[in-house]
Amino acid sequence: MHSSVVDFIYQNKDIYIKKWRSTLDELDLNIYHSSISNEIIEETKAEFIDLVFGTLYTGEGEVAARFRRFADRLIYYHIPLSEFIRSLQLLRRVIMHDLEEQSTKEQYDRYNVDLEDWLDENINKLVDEFSNARENTVNLQNTALKELSAPLIPVFDKICVMPLVGTVDTERAKQIMESLLDGIIQHRAQVVLIDITGVPVVDTMVAHHIIKASQAVQLVGAECILVGIRPEIAQTIVNLGIDLSKIITKSTLQKGVYTALQMTRREIITLDEQRSTEV
Amino acid sequence: MTTQSSVEIGTEWGIVSARQAGRELSKGLGFSSVDQARITTAISELARNIYLYTKNGVIGLEVVNDGHRQGIIITARDQGPGIENLRDVMVDGYSTSGGLGAGLPGVKRLMDEFDIQSNPGEGTLITTTKWLR
Numbered sequence: 001m002h003s004s005v006v007d008f009i010y011q012n013k014d015i016y017i018k019k020w021r022s023t024l025d026e027l028d029l030n031i032y033h034s035s036i037s038n039e040i041i042e043e044t045k046a047e048f049i050d051l052v053f054g055t056l057y058t059g060e061g062e063v064a065a066r067f068r069r070f071a072d073r074l075i076y077y078h079i080p081l082s083e084f085i086r087s088l089q090l091l092r093r094v095i096m097h098d099l100e101e102q103s104t105k106e107q108y109d110r111y112n113v114d115l116e117d118w119l120d121e122n123i124n125k126l127v128d129e130f131s132n133a134r135e136n137t138v139n140l141q142n143t144a145l146k147e148l149s150a151p152l153i154p155v156f157d158k159i160c161v162m163p164l165v166g167t168v169d170t171e172r173a174k175q176i177m178e179s180l181l182d183g184i185i186q187h188r189a190q191v192v193l194i195d196i197t198g199v200p201v202v203d204t205m206v207a208h209h210i211i212k213a214s215q216a217v218q219l220v221g222a223e224c225i226l227v228g229i230r231p232e233i234a235q236t237i238v239n240l241g242i243d244l245s246k247i248i249t250k251s252t253l254q255k256g257v258y259t260a261l262q263m264t265r266r267e268i269i270t271l272d273e274q275r276s277t278e279v
Numbered sequence: 001m002t003t004q005s006s007v008e009i010g011t012e013w014g015i016v017s018a019r020q021a022g023r024e025l026s027k028g029l030g031f032s033s034v035d036q037a038r039i040t041t042a043i044s045e046l047a048r049n050i051y052l053y054t055k056n057g058v059i060g061l062e063v064v065n066d067g068h069r070q071g072i073i074i075t076a077r078d079q080g081p082g083i084e085n086l087r088d089v090m091v092d093g094y095s096t097s098g099g100l101g102a103g104l105p106g107v108k109r110l111m112d113e114f115d116i117q118s119n120p121g122e123g124t125l126i127t128t129t130k131w132l133r
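If you read the protein sequences in the order shown, they are chains A and B.
Just so it is clear: in the first sequence, position 24 is 24 by my numbering, and no numbers are missing.
Just so it is clear: in the second sequence, position 71 is 71 by my numbering, and no numbers are missing.
Treat the hints with care, as some may be off.
Claimed, not checked - Here are the in silico distance ranges between beta carbons for each label pair:
(1) B:Arg-69 <-> A:Ile-123: 50 to 56 Å
(2) A:Ala-144 <-> B:Gly-30: 34 to 40 Å
(3) B:Ser-6 <-> A:His-97: 40 to 46 Å
(4) A:Val-94 <-> B:Lys-27: 45 to 51 Å
(5) B:Asp-66 <-> A:Ile-268: 53 to 59 Å
(6) B:Gly-10 <-> A:Arg-265: 50 to 56 Å
(7) A:Lys-246 <-> B:Ser-17: 44 to 50 Å
(8) B:Gln-117 <-> A:Gly-241: 22 to 28 Å
What the hints contain is simulated information worked out from the structure, not anything from laboratory work.
Every residue gets a Cβ at the ideal spot worked out from N, C-alpha and C, and that includes glycine.
With the hints as extra help, turn the sequences into a complete structure.
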């Protein structure tokens, strides 16, 4: 399709690699993350040059795979994509300048179109692969987050603990509710302790979700104990005017476990030394 | 000198980033951990209102100095439907979304100064201040 200009670039490949190299060197890839070493920057530049000129003579499938690898690399090292796109635009200017000198007006116009096609395709592929790779990363992280979201851990017979760490949003509140109710049935729990030590902010919505969850727990015949209320959270809850008096609350998980044992009519006793040595 | 930042609230994630910005700013100013929690909770309430009732809005954070003391001003501005009866929303337990209805009166109690301006159809501007003790 764009054979004529490809031939031209291919014949002068070494000159353009050299010229482009110097424009790439002018780009400041370290502005966002000074933590990347120069070696990695140099490697990335070399790979990019290889990749772009590689599209002149390698097959479609191979090119796609290389763009994907390059996009992964940019994301892995947090290197901004925009600088590379800018460098392609600079390359176009360099090549156009030379073409203008060496060809007739008619040839030049055709070359111009071909060159644009070639470079635009490269830019498109780069952006596509980059955003795909980003999206993949986000999806993976979402899955990982969901797995960590709301685990219900059986600690004693009939007693389960749900430790909550991090922000509670609408999605997570839904998972907390499901996980609680499923877990209570599955483990035949009578008491569940919800530990909010790791929840940074308890606003009216979070409180509302906790109240709803505890009501649902009561509906399936179990009790809910809220533990891990830090002093500053206690004060903000009072300031907000949220009524948590219908829920049993304890300051620490430990106290909550004792209460839960009492509620299921059990206690922890220390065996006296004589008996324990006999056993 | 005033430090200013603003966070757009378009999704639920906006609430989290507004909160984080507020926590960092209040921590930097030397607010106690209780006041930090009050400020972040107030931001959370205001940002959530924007998210729930309007399509998008902005939470602004500003450091102020009145000559004697430093403080933090939180503004919540949106171009949403506005609030028809301002007196109602400041009453505990009033909610149009099935929530607890403690949001705005709660914010007023969490902070030192509170002002709300709203015109139906034009949006709402809430300005609230916490002074460093």
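Structure-based check of all given hints:
Distance hint for Arg-69 of chain B and Ile-123 of chain A: a CB-CB separation of about 54 Å, consistent with the stated range 50 to 56 Å. Between Ala-144 of chain A and Gly-30 of chain B the C-beta distance comes to about 36 Å, which sits within the given range of 34 to 40 Å. At roughly 44 Å, the beta carbons of Ser-6 of chain B and His-97 of chain A sit within the given window of 40 to 46 Å. Between Val-94 of chain A and Lys-27 of chain B the Cβ separation comes to about 50 Å, which falls inside the hinted range of 45 to 51 Å.
Asp-66 of chain B and Ile-268 of chain A have their C-beta atoms about 56 Å apart, which keeps the hinted 53 to 59 Å range intact. At roughly 52 Å, the beta-carbon separation of Gly-10 of chain B and Arg-265 of chain A lies within the given 50 to 56 Å, and the hint holds. The supplied range of 44 to 50 Å is broken by Lys-246 of chain A and Ser-17 of chain B, whose beta-carbon atoms lie about 33 Å from each other. Separated by about 23 Å at the C-beta atoms, Gln-117 of chain B and Gly-241 of chain A satisfy the suggested range of 22 to 28 Å.
In this structure, only the earlier hint numbered 7 is contradicted, and the remaining ones agree with it.
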